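Protein sequences, first through last, are from chains C and V.
The first sequence begins at 73 in this note's numbering and counts up by one.
The second sequence begins at 14 in this note's numbering and counts up by one.
By construction, these hints were calculated from the structure, which means they are not laboratory data.
A quick note: this is a predicted structure, and the numbers were derived from the prediction, not measured.
Glycine included, each C-beta is placed from N, C-alpha and C at the ideal position.
Among the clues, some could well be false.
Unchecked claim - With a cut-off of at most 25 Å between alpha-carbon atoms, the simulated DMTMM-like pairs for lysine to aspartate or glutamate come out as follows:
1) C:K106 to V:E170
2) V:K21 to C:E188
3) C:K137 to C:E154
4) C:K137 to C:D149
5) C:K106 to V:E181
6) V:K67 to V:D237
7) C:K137 to C:E354
8) C:K137 to C:E361
9) V:K67 to V:E56
10) V:K21 to C:E284
11) C:K137 to C:E357
12) C:K106 to V:D122
13) V:K283 to C:E188
14) C:K293 to C:E188
15) V:K283 to V:E170
16) V:K67 to V:E258
17) V:K21 to C:E295
Said to hold, decoys possible - Under 7 Å between C-beta atoms, here's a sample of chain V residues computed to sit facing chain C:
18) R20
19) L23
20) M27
21) T31
22) I39
23) G126
24) G219
25) T221
26) F226
27) A264
Said to hold, decoys possible - According to the in silico footprint, chain V covers these stretches of chain C (three or more CB under 8 Å from chain V):
28) 110–120
29) 124–135
30) 210–216
31) 291–303
32) 323–333
33) 339–353
34) 379–390
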Amino acid sequence: MTTNKSPGLGIVTHFLTPLAWLRGSKRFGDPLFKLATLAFALAIAGLVVLMIIEMARDSTLAFDKFGLSFIWREVWDPVREEFGALPFIYGTAVSSLLGLLIAVPVSIGVGIFLVEHAPRALSAPVSFLVQLLAAIPSVVYGLWGIFVLAPLLRDSVYPRIQSALGFLPLFQGNPNGLGLMTAGIILSIMIVPIITAVTTDVMRAVPRAQPEAALALGATKWEATRVVLQNARSGITGAVILGLGRAVGETMAVTMVIGNRPQISASLFDPSFTIASAIANEFTEATSEIYRHALVELGLILFAITFVINALARLLVWSVTRGQGKVVHE
Amino acid sequence: MNSLTRRKILSRAMTLLTASFAALVIVALVIILGYIGVTGVREINLGFLINEPKPIGEPGGGIANAIVGTMILIAIASVIGLPVGILGGLYLAEFGSNRFGNVLRFVIDTLTGVPSIVVGVFAWTIMVRPMGHFSALAGGVSLSIIMMPIVARTTEEMVRLVPQSMREAALALGAPVWRMSLGVVLRAAAGGVATGAMLAIARIAGETAPLLFTALSYNYMSTDVNQPIASLTYQIFYYAGSPYEQWHAMAWAATLVLVAMILAINISVKFLARSRYQ
Numbered sequence: 073m074t075t076n077k078s079p080g081l082g083i084v085t086h087f088l089t090p091l092a093w094l095r096g097s098k099r100f101g102d103p104l105f106k107l108a109t110l111a112f113a114l115a116i117a118g119l120v121v122l123m124i125i126e127m128a129r130d131s132t133l134a135f136d137k138f139g140l141s142f143i144w145r146e147v148w149d150p151v152r153e154e155f156g157a158l159p160f161i162y163g164t165a166v167s168s169l170l171g172l173l174i175a176v177p178v179s180i181g182v183g184i185f186l187v188e189h190a191p192r193a194l195s196a197p198v199s200f201l202v203q204l205l206a207a208i209p210s211v212v213y214g215l216w217g218i219f220v221l222a223p224l225l226r227d228s229v230y231p232r233i234q235s236a237l238g239f240l241p242l243f244q245g246n247p248n249g250l251g252l253m254t255a256g257i258i259l260s261i262m263i264v265p266i267i268t269a270v271t272t273d274v275m276r277a278v279p280r281a282q283p284e285a286a287l288a289l290g291a292t293k294w295e296a297t298r299v300v301l302q303n304a305r306s307g308i309t310g311a312v313i314l315g316l317g318r319a320v321g322e323t324m325a326v327t328m329v330i331g332n333r334p335q336i337s338a339s340l341f342d343p344s345f346t347i348a349s350a351i352a353n354e355f356t357e358a359t360s361e362i363y364r365h366a367l368v369e370l371g372l373i374l375f376a377i378t379f380v381i382n383a384l385a386r387l388l389v390w391s392v393t394r395g396q397g398k399v400v401h402e
Numbered sequence: 014m015n016s017l018t019r020r021k022i023l024s025r026a027m028t029l030l031t032a033s034f035a036a037l038v039i040v041a042l043v044i045i046l047g048y049i050g051v052t053g054v055r056e057i058n059l060g061f062l063i064n065e066p067k068p069i070g071e072p073g074g075g076i077a078n079a080i081v082g083t084m085i086l087i088a089i090a091s092v093i094g095l096p097v098g099i100l101g102g103l104y105l106a107e108f109g110s111n112r113f114g115n116v117l118r119f120v121i122d123t124l125t126g127v128p129s130i131v132v133g134v135f136a137w138t139i140m141v142r143p144m145g146h147f148s149a150l151a152g153g154v155s156l157s158i159i160m161m162p163i164v165a166r167t168t169e170e171m172v173r174l175v176p177q178s179m180r181e182a183a184l185a186l187g188a189p190v191w192r193m194s195l196g197v198v199l200r201a202a203a204g205g206v207a208t209g210a211m212l213a214i215a216r217i218a219g220e221t222a223p224l225l226f227t228a229l230s231y232n233y234m235s236t237d238v239n240q241p242i243a244s245l246t247y248q249i250f251y252y253a254g255s256p257y258e259q260w261h262a263m264a265w266a267a268t269l270v271l272v273a274m275i276l277a278i279n280i281s282v283k284f285l286a287r288s289r290y291q
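Make a model of the complete structure from these sequences and hints.
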């Protein structure tokens, strides 16, 4: 960009002179610049389209053989080349919902604390620490899950649940620590940061006049907080759904603690399998072409589920933060 | 008890409850990090950091190949992902304030939500299958795909923070829009963009799922991007799934190295950002 006046470079400058028009050009430079940056933005967005095409192409064998019934077939038998996604969809749904069940009250509680109660000097560091949980890699949660959480749950928590509620089909069987419940608990820790972050953002987007008006009318602090929650309702729903999207796609931690068995069992203590963990475990071992196609089709299903979940969540969050000029952080 | 007292008690109770939830989450963080620190530090010594893995039973094995591998994967991902992400984000910030920009932004945001295992499958179909073998390059590409949307969105956010007056000043001096964007706006936002890039690097450093069938792993030191390569995360996963106590201990030590690296990035970025904006 800088013009070099040193004599040795004179020859270079000489040959670059025809290009000098570009330096100040609005006629060519600007459209070119816009086009170039557009190309990069399009390239990123285009990856989504390319993903769908590539994975659809790579799952044709499974799709041709099983059609839509792939989704509700219960059998997964690589030897007889019979494949169905239902056990994985079941495992994904149950483990994610368990995760939400624990994470949602906690996250919304933390969100309320950060926005309504904590003084500024406390709120920033607490929020930073909560977000650090999101920085810990998935495989690390998995390691901690196998060697710390699972033995702890197996020895001291699950037997107690069983002796109290063992008559329910949900809590029967022989808990060895690895199963749906353990996966759900690990997932809940992992999705607290995202739900908290988005809840905090949408609650901050509610005009302060709302709770202040409630306080002025004699409401208690909690009643005023409920006014804020009421206003941020759809955004908080969006936060919860974003957390669900995260839980559904979570791979390493879940695969390390869920027990990896493709079965549908009523008991939360039994081993299960999720879509993501099935792909992680079996993809490199897929010996036949159709086996791999079935796994890629699982990937496509996972993509579709997370796509719908994320789209829905973002629309809900936007409906609250729109016009605030805010970008919701993840 | 009259209703006002009851309402006040409820309000106090809810304050206490939300505070205890916050405390609970922080306690969970401290327990997890504390356990990693205490367990991991037992196995860490210089040899662990500079040696290659040894067969089970032989003492003195290390994770040098995994550390180097992770660095190489990050480098490949950054070379591809950072320019695409930064320029794409620049487009969103400078030209993306219309309906088309919103659609692009929406699609890019959904890419952020695509599970990393799906990115791994995708990278396998576009890299590993055509090449016929696993490679560090394929691993780097899959990580770069995870990086791009994150970098694009943080870049956009940072560029939007640059005051409008700076743009106007550049234009008033006769600069074309492209020089204004690259030379003035992007330069002013450079610190923030770098922050976003560092956070994206911290994020991909901890990814395992996209590497399972792209970079795979390798038992020796390797710098060949055309061959499989070890990574810290894969190594942790592999050791954790083994039946050997010694390897479990190594998994914890490798975790300590990885987590220390990631937290160091996160915390230093936090303090750098604070000194810039406050």
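Original post:
Under the criterion that the straight-line Cα-Cα distance not exceed 25 Å, is the pair K137 (chain C), E354 (chain C) satisfied?
Top reply: holds, 20 Å
Subject >> chain C contact restraint for G219 (chain V) - C-beta distance below 7 Å >> reply: At 3 Å from the nearest chain C Cβ, G219 (chain V) passes the 7 Å test, so the hint holds.
Original post:
Should the hint that T221 (chain V) touches chain C count as held when the rule is a Cβ pair under 7 Å?
Top reply: holds, 4 Å
Subject >> Interface hint outcome for A264 (chain V) [beta carbon to chain C under 7 Å] >> reply: Interface hint status for A264 (chain V): holds (6 Å vs cutoff 7 Å).
Subject >> Pairwise hint evaluation, E170 (chain V) against K106 (chain C), where the allowed Cα distance is 25 Å at most >> reply: holds, 18 Å
Original post:
Within a Cα-Cα threshold of 25 Å, do K21 (chain V) and E295 (chain C) meet the stated pairing?
Top reply: holds, 10 Å
Original post:
According to a criterion of three or more residues whose C-beta lies within less than 8 Å of a C-beta of chain V, is the stretch 210–216 of chain C covered?
Top reply: Held - the stretch 210–216 of chain C has 7 residues with a Cβ nearer than 8 Å to chain V, which meets the minimum of three.
Original post:
Does L23 (chain V) meet its interface restraint, that is, does its C-beta lie within less than 7 Å of any C-beta in chain C?
Top reply: Result: holds, 6 Å to nearest chain C Cβ.
Original post:
Holds or violated: are the alpha carbons of K67 (chain V) and D237 (chain V) at most 25 Å from each other?
Top reply: holds, 21 Å
**OP:** Take a quick look at whether K21 (chain V) and E284 (chain C) sit within 25 Å of each other, Cα to Cα.
**Re:** holds, 17 Å
Original post:
Counting residues of the stretch 379–390 of chain C with a beta carbon closer than 8 Å to any beta carbon of chain V, are there 3 or more?
Top reply: As far as the stretch 379–390 of chain C goes, the hint holds, because 5 residues have Cβ atoms under 8 Å from chain V.
**OP:** Given the hint that K137 (chain C) pairs with D149 (chain C), test it: the Cα-Cα distance must not exceed 25 Å.
**Re:** Distance ~14 Å between K137 (chain C) and D149 (chain C) Cα, so the pair holds.
Of the numbered hints given earlier, the model fails none.
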